[in-house]
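Novice: As given, the protein sequences belong to chains W and H, one line each in that order.
Read in order, the letters of the first sequence correspond to residues 4 to 255 in this note's numbering.
Read in order, the letters of the second sequence correspond to residues 4 to 255 in this note's numbering.
Rather than coming from a laboratory, the hints here were simulated on the basis of the structure.
Be careful, since some hints might not be right.
[What the hints assert, rightly or not] Here are some of the chain W residues that sit facing chain H, going by a computed Cβ distance under 7 Å:
1. ASP18
2. GLU46
3. ARG53
4. LEU123
5. ARG146
6. GLY148
7. GLU188
8. GLY204
[To be verified] Cβ-Cβ distance ranges computed for the label pairs, FRET-style:
9. PRO96(W) / PRO176(H): 25 to 31 Å
10. ALA230(W) / GLN102(H): 45 to 51 Å
11. PHE213(W) / GLY174(H): 23 to 29 Å
12. GLY204(H) / GLY94(W): 29 to 35 Å
13. VAL251(W) / ARG114(H): 19 to 25 Å
14. HIS158(W) / ALA39(H): 39 to 45 Å
15. ASN62(H) / GLU172(W): 20 to 26 Å
16. ALA230(W) / VAL97(H): 35 to 41 Å
17. GLY204(H) / ARG200(W): 54 to 60 Å
[As the list claims (entries may be wrong)] Reference listing, derived: stretches of chain H covered by chain W, where coverage requires no fewer than 3 residues with Cβ under 8 Å from a Cβ of chain W:
18. 121 to 127
19. 131 to 138
Only a predicted model underlies this, so the values are computations on that prediction, with no experimental measurement involved.
The C-beta atom is built at its ideal place from N, Cα and C for all residues, glycine as well.
Number of protein chains: 2
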Amino acid sequence: MSERVWTAALVIIGDEILSGRTADRNIGQVAVWLNAQGIRLAEVRVVADREEAIVEAVNALRARNDYCFTTGGIGPTHDDITVDAIAAALGVPVVIHPQARATLEAYYGKRGQEVTDARLRMARVPEGAELIPNRMSGAPGIRIGNLFILAGVPHIAAGMLDALTGTLEGGLPLLSRTIGCWVAESEVADLLREAERSHEGVAIGSYPLFREGRTGANFVIRATSQAVVDACGDAVAAGLASAGFEAVEGGI
Amino acid sequence: MSERVWTAALVIIGDEILSGRTADRNIGQVAVWLNAQGIRLAEVRVVADREEAIVEAVNALRARNDYCFTTGGIGPTHDDITVDAIAAALGVPVVIHPQARATLEAYYGKRGQEVTDARLRMARVPEGAELIPNRMSGAPGIRIGNLFILAGVPHIAAGMLDALTGTLEGGLPLLSRTIGCWVAESEVADLLREAERSHEGVAIGSYPLFREGRTGANFVIRATSQAVVDACGDAVAAGLASAGFEAVEGGI
């Protein structure tokens, strides 16, 4: 019997990632947060700040995943086109969200500033959307259907994820156990394959590393059942020991 | 007149990125390397270690880009399925490449070790492929058609890119100039939009930041012509100055 697996996709919108100017930090934090909700990050796309590219990615991924997240492109400048692109993807108009406008008025009012046209851009949403609170700055995130539109700045995206914690339906989180070993992974490939094969529901990832002139690898055993993770991990550790290698619990 | 733009896509193959275990470092290095070759990284996908996912991504992206790179999944273990998946995508069989076998025999022979079946997996290529030298470890990269199959370990991937330097046809590299300013980007949104509009071939990215309680942004002006980048950058700097803000050349 296999339980229902909930999946999500992530679309990272940003020329700055594709140019190499900015190193992405959203994949990792979205992945870890999703797993805690019992949802697997199944696929990621990084697309340019172009409407057709965003529309294509969002429409492909929202159709085949339970949830689809985007990061980036929700600020006040001309290159922030995520809301327009997603409205186009959904075939709905862009409207000013009254609560978002009120939030911006309160945010800038406290600072003695006006809500200019540029700032009001941050209250624009695809029609039918709800807001995701943003405690860090004026512009809220947006939820519409199974789409979640987050900021690109990692700590603001993190705040939006925090606001969503516990609100999404998910399944069992994926558990993992990492066993490291100073061995070339080619020496233990058969052992790993057999351990995975003989424990149902387990996936073992093998990640080589090269450090201080030595070759090693970390073996990550993943499953939704702690008992299965434990049993498979014990089998890997025992197999390494009987082949004469030291298994390092937690990884090297 | 617009010059021919050469594009590439990148497919990152790896459950370890999707689980959040490993932070990707290949997008940035591939992006920067491509730009030096006069090729733009146009899109990236991160896919799981599953054949259908790899086939779908590779076939979509190789068709609409001049080049398609992959990273990950070319080692000796059971989760290394990139070669099989790409052979399936291309509809060709997997064969042992004689030169790859010889390289592995030399590599392990020097260390007094055998080329086991697991190690010989690293000599498997889609039929018709050429090798990309790997000076770091035994397993070579693979080129077939417009596909370039690289290692997932960043420093090994870097060595393979290095081996490819200067061998790919490209166009003009994208040049950039960064101007930073301690200003909320919403205050200068009109200025940026107008500067981009009035300089043909320019794209301006606006990247907000929040540091030490202050709000600022970096404006990145990109074009293939240095004269155009300079002129647009001067216009942005002058616009900021006349609005009473200090423009910081190089960014904040």
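Novice: Hint says 45 to 51 Å; check whether the CB-CB distance for ALA230(W) and GLN102(H) agrees.
Specialist: Between ALA230(W) and GLN102(H), where Cβ atoms are some 47 Å apart, the hint holds.
Novice: Indicate whether the distance between the beta carbons of GLY204(H) and GLY94(W) respects the range 29 to 35 Å.
Specialist: Hint holds: Cβ distance 32 Å, inside 29 to 35 Å.
Novice: With a cut-off of 7 Å on the beta carbons, see whether ARG53(W) makes it to chain H.
Specialist: violated (10 Å)
Novice: Using Cβ atoms only, decide whether GLU46(W) comes closer than 7 Å to chain H, and label the hint accordingly.
Specialist: holds (6 Å)
Novice: So, as I understand it, the hint says GLY204(W) touches chain H; can you test that by seeing if any CB pair is closer than 7 Å?
Specialist: Violated, about 14 Å.
Novice: Assuming the hint says 54 to 60 Å, is it satisfied by the Cβ distance from GLY204(H) to ARG200(W) or not?
Specialist: holds (56 Å)
Novice: Should the hint that VAL251(W) and ARG114(H) are 19 to 25 Å apart at their CB atoms be regarded as holding?
Specialist: Since VAL251(W) and ARG114(H) have Cβ atoms about 23 Å apart, the given range 19 to 25 Å holds.
Novice: Quick check on the hint: GLY148(W) CB to chain H CB, less than 7 Å?
Specialist: Cβ of GLY148(W) sits 23 Å from chain H, so the hint is violated.
Novice: For the hint 39 to 45 Å, verify it against the beta carbon of HIS158(W) and that of ALA39(H).
Specialist: violated (31 Å)
Novice: How does the Cβ-Cβ distance of PHE213(W) and GLY174(H) compare with 23 to 29 Å: does it lie in that range?
Specialist: Since PHE213(W) and GLY174(H) have Cβ atoms about 35 Å apart, the given range 23 to 29 Å is violated.
Novice: Do the beta carbons of PRO96(W) and PRO176(H) sit within 25 to 31 Å of each other?
Specialist: violated (40 Å)
Novice: When I compare C-beta atoms, does the region 121 to 127 of chain H have three or more residues closer than 8 Å to chain W?
Specialist: holds (count 4)
Violated hints for the displayed structure, listed by number in ascending order: 3, 4, 5, 6, 8, 9, 11, 14, 15, 19.
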